[in-house]
Amino acid sequence: MTFYFISTFFLIVGGFISFLPLLVKTNQVLKNWIFQVKFQLRWAVYGVLSTILFIFFPVDGTLFFGDLLPFIASIVLSVLFALGYIRQTKYLQENQIRQADKILTAIQIPAGIMAFLVGLLHIIFPAWMFF
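Residue numbers (this note's numbering): 122 to 252.
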């Protein structure tokens, strides 16, 4: 059950962080904290662990489809946080960073909303199979 909580917590908090730009008034200190390199890296690693937990530790041991949506949402959030980390560390060339920014800004908010809603659904209906 701890694995379940950790993975669902990642979906809810990671989803909220991803759709935070939708909020008009966002604290600048919070934005600076979220865009730190260490924060992005930690959440990318946390997302990979969450994805592994959704694969190997489903809710009741046999459920697959109910964990498919959280699994996909975890992968998307992990990629978003990894792209944020790569963008901040400037390992790539400037034109590659601009291309990554375009991709990141295009899918960040929809992916965040999706992950947040999937996390909430996973809390409300933990053993429900989504077909």
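Derived by calculation from the structure, the hints in this document are not laboratory data. Idealized CB from N, CA, C, for every residue including glycine. Just so you know, not all the hints are guaranteed correct.
Calculated cross-link-like contacts (lysine-lysine; reagent style PhoX-like; alpha-carbon spacing at most 20 angstroms) [claimed, not checked]:
1) K223 / K152
2) K223 / K211
3) K211 / K159
4) K211 / K152
For each label pair, taking beta carbons as the anchor points, the in silico distance ranges come out as [stated by the list, open to error]:
5) L189 / E215: 35 to 41 angstroms
6) L151 / F177: 21 to 27 angstroms
7) I155 / I224: 16 to 22 angstroms
8) W154 / Q220: 24 to 30 angstroms
9) I245 / T210: 35 to 41 angstroms
10) I176 / Y212: 38 to 44 angstroms
Checked hints:
1. A hinted pair counts as satisfied when its Cα atoms are at most 20 angstroms apart, and K223 with K152 qualifies at roughly 19 angstroms.
2. As the CA atoms of K223 and K211 are separated by approximately 15 angstroms, the hinted pair is consistent with the 20 angstroms bound.
3. For the given pair, K211 sits about 14 angstroms from K159 by alpha-carbon distance, which is consistent with the 20 angstroms threshold.
4. Using a Cα cut-off of 20 angstroms, the hinted pair K211 and K152 holds, with the two alpha carbons roughly 19 angstroms apart.
5. With their beta carbons about 38 angstroms apart, L189 and E215 fall inside the hinted range of 35 to 41 angstroms.
6. Checking the proposed 21 to 27 angstroms range against L151 and F177 shows it is violated: the Cβ atoms sit about 33 angstroms from each other.
7. A hinted range of 16 to 22 angstroms holds for the C-beta pair I155 and I224, which are about 18 angstroms apart.
8. For the pair W154 and Q220, the beta carbons lie near 26 angstroms from each other, so the given range of 24 to 30 angstroms is met.
9. One distance hint, 35 to 41 angstroms for the beta-carbon pair I245 and T210, holds here, with the actual separation near 38 angstroms.
10. A hinted range of 38 to 44 angstroms is violated for the C-beta pair I176 and Y212, which are about 28 angstroms apart.
Violated hints, in rising order: 6, 10; the structure is consistent with all others.
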